[in-house]
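A.B. asks: Chains as they are written, first to last, in this note's numbering: chain A, 724 to 1066; chain B, 724 to 1066.
It should be emphasised that the hints constitute simulated quantities derived from the structure, not laboratory data.
Values in this document were obtained by computation on a predicted structure and should not be read as measured data.
You may find that some hints are simply not true.
For identical chains, the list gives no copy identity; a pair is met inside one copy or between any two copies.
[Stated by the list, open to error] Restricting the straight-line Cα-Cα distance to at most 30 angstroms, the calculated cross-link-like pairs of lysine-lysine (DSSO-like) are:
| no. | residue 1 | residue 2 |
| --- | --- | --- |
| 1 | 775 | 880 |
| 2 | 846 | 1046 |
| 3 | 885 | 944 |
| 4 | 846 | 880 |
| 5 | 944 | 960 |
| 6 | 775 | 822 |
| 7 | 834 | 824 |
| 8 | 824 | 783 |
| 9 | 1000 | 1046 |
| 10 | 854 | 829 |
| 11 | 822 | 1000 |
| 12 | 824 | 1046 |
| 13 | 1046 | 960 |
| 14 | 824 | 1055 |
Protein chains: 2
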Amino acid sequence: MRVSDPSARSRAWACVAVLAAVLGFSAGAAADPLPSWNDGPAKRAIVEFVQKTTTPGTSKFVPQAERVATFDQDGTLWVEHPMYSFVVYALDRVPELAKAKPELAKVEPFKTVLSGDRAAIAKLTLPDLEKILAATFTGRSTDAFDAEASEWLTTAKDPRWKRPYTDLTYQPMQEVLRYLRANRYETYIVTGGGQDFVRLYSETTYGIPREQVVGTAGVTKYGYDDDGKPFLTKEPKLLLNDNDAGKPEGIHLMIGRRPVAAFGNSTGDRQMLEYTKAGEGVRLSMLILHDDATREYAYGPAENLPDTKVGTFTQALYDEAQKDGWIVVSMKRDWNRIFAFER
Amino acid sequence: MRVSDPSARSRAWACVAVLAAVLGFSAGAAADPLPSWNDGPAKRAIVEFVQKTTTPGTSKFVPQAERVATFDQDGTLWVEHPMYSFVVYALDRVPELAKAKPELAKVEPFKTVLSGDRAAIAKLTLPDLEKILAATFTGRSTDAFDAEASEWLTTAKDPRWKRPYTDLTYQPMQEVLRYLRANRYETYIVTGGGQDFVRLYSETTYGIPREQVVGTAGVTKYGYDDDGKPFLTKEPKLLLNDNDAGKPEGIHLMIGRRPVAAFGNSTGDRQMLEYTKAGEGVRLSMLILHDDATREYAYGPAENLPDTKVGTFTQALYDEAQKDGWIVVSMKRDWNRIFAFER
Chain A
724 MRVSDPSARS RAWACVAVLA AVLGFSAGAA ADPLPSWNDG PAKRAIVEFV
774 QKTTTPGTSK FVPQAERVAT FDQDGTLWVE HPMYSFVVYA LDRVPELAKA
824 KPELAKVEPF KTVLSGDRAA IAKLTLPDLE KILAATFTGR STDAFDAEAS
874 EWLTTAKDPR WKRPYTDLTY QPMQEVLRYL RANRYETYIV TGGGQDFVRL
924 YSETTYGIPR EQVVGTAGVT KYGYDDDGKP FLTKEPKLLL NDNDAGKPEG
974 IHLMIGRRPV AAFGNSTGDR QMLEYTKAGE GVRLSMLILH DDATREYAYG
1024 PAENLPDTKV GTFTQALYDE AQKDGWIVVS MKRDWNRIFA FER
Chain B
724 MRVSDPSARS RAWACVAVLA AVLGFSAGAA ADPLPSWNDG PAKRAIVEFV
774 QKTTTPGTSK FVPQAERVAT FDQDGTLWVE HPMYSFVVYA LDRVPELAKA
824 KPELAKVEPF KTVLSGDRAA IAKLTLPDLE KILAATFTGR STDAFDAEAS
874 EWLTTAKDPR WKRPYTDLTY QPMQEVLRYL RANRYETYIV TGGGQDFVRL
924 YSETTYGIPR EQVVGTAGVT KYGYDDDGKP FLTKEPKLLL NDNDAGKPEG
974 IHLMIGRRPV AAFGNSTGDR QMLEYTKAGE GVRLSMLILH DDATREYAYG
1024 PAENLPDTKV GTFTQALYDE AQKDGWIVVS MKRDWNRIFA FER
């Protein structure tokens, strides 16, 4: 290990902090760990939760091994409107697919996607989208998928902000991730999006390693190439639909511990938030409410918008949050900053 | 954090070591990290692998995030003869099951198990065992399963050594686990055994946390109890058969990285060892050969024994190991000690 190795250096500094804590030094009043959050019930709930669960000798103390926090991605950690980015990716891939298989251009829903007719594309049904997702996410080796999707991630841009999708993460949530990790929580993404897709950028975008991404996953199949070298093929068969009840089920499969804190923004996160809150001791379940049409988007009960394909936040969900003691975060009121690039 | 917290203390000491390394101190010649291994090609292969992959600035260096080592459990980390311990658990549970459901006592294979006829039980077929495993591992909540299996683990004893099964881990492999972790490898169990079962003791037995256990896993189903409290039920439906090709497939699903080192002992580990060895750079694939009938058991090509229900190590596997550059470990020749309790 050399001092010129940045990760060694950062470990060394982290170690200085640990030693200081063990030996009883104090750095004085700590800086605000959540500067993009306005003071209010949501911010206070997060800080109190962390203080209660990490102060040894109290009844609320959670041992380090049990400190698991789970985060939905789309609409919770980054923008999901007007379309999930993994769906945008799938649509963008269709012309390439049609080059390789020209017969696709003649069949729906691929024909509509290739027409470029935005209004028609916006009207595609869920079964249509599933066909497109299956065609773009499966039928290729894991290595080929990784290469294709990685290239898209570095080149594609969100049409409103004209930036890579990975820039569109919420700065307040990045602060929550870092704050929890600084307090020895393990932070997991638990997403309805494709697990293999999110793993490509989770480390660089969120500081979350591949193995801490739980997502919708398909069967893979082991085989050998012409040189006898083994590889895995992504099969068009669902293994884990990591939405709704699939979230706690996926958490049990992949983590094996009930989260102490969970963050979501839609009905697809309901069971994860319930499951988390139902654990013993202090638990934190949080729902992000998209109510800022100026700085981001407003949908769900905030604007009484019609149901959309993404991020359904119903009145029933809001009512359950109130009843069950989840914290609802208003983007408009609780966040003084949405994106890191804004200033 | 207080000095009286043992984990904080051990972290502090680990930090002292890291700081010393970064600042250029040296503790002089390091103690042998593998004292239960005799000097020989197997021990040298492990030490050289670790040195090559963790020395910065060389072409063989593996970044810390990529340092994944996977271990089969039965026959690789602990004794699997004459029967996998999770199968012993399932058989031991049958009387309890029959108490709750008396009709079971009249149907096979439960009738045979309840007869106590050891010869007849030993002749149960794989489909028979699968029925018994399904009946003991599913149809109950994850919490109920955990409680039942945990109790068994603290009370059941291996008939030969008269000790809890968790004492029957191989001391040389415990040293490999610790040596790899000291060099910032993440050590995963990748087992054909039940994931939920192994997770109950992986931390205390191997220092491997629950989330680093990949095993055969069934579907769970989210639901609510009479008080509206959510829980998960273990369903009799297989999600991941973590044997053979299921091992690299499970590794992709749960870890998302190709291992740099893998350890196994049977044909069920073949694909994991191939997949590992086929990665770029330096890779270590190791096979444990059970050839010590005195101190443990001898089976597979070592004694030309007939095929058994467990740990099949065929001549074809041995030949592939030779051809593909895997290291075969002879328990008799390479290990000077088998169990921690022996001295």
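A.B. asks: Each hint needs a verdict: does it hold in this structure or not?
C.D. replies: Now the hints, each set against the structure:
no. : hint         : result
1   : 775 to 880   : neither (41 angstroms within a copy, 41 angstroms between copies)
2   : 846 to 1046  : neither (36 angstroms within a copy, 56 angstroms between copies)
3   : 885 to 944   : neither (38 angstroms within a copy, 42 angstroms between copies)
4   : 846 to 880   : within (22 angstroms within a copy, 63 angstroms between copies)
5   : 944 to 960   : both (10 angstroms within a copy, 19 angstroms between copies)
6   : 775 to 822   : neither (57 angstroms within a copy, 44 angstroms between copies)
7   : 834 to 824   : within (12 angstroms within a copy, 57 angstroms between copies)
8   : 824 to 783   : neither (59 angstroms within a copy, 40 angstroms between copies)
9   : 1000 to 1046 : within (12 angstroms within a copy, 54 angstroms between copies)
10  : 854 to 829   : within (14 angstroms within a copy, 49 angstroms between copies)
11  : 822 to 1000  : neither (49 angstroms within a copy, 35 angstroms between copies)
12  : 824 to 1046  : neither (52 angstroms within a copy, 39 angstroms between copies)
13  : 1046 to 960  : neither (38 angstroms within a copy, 34 angstroms between copies)
14  : 824 to 1055  : neither (46 angstroms within a copy, 57 angstroms between copies)
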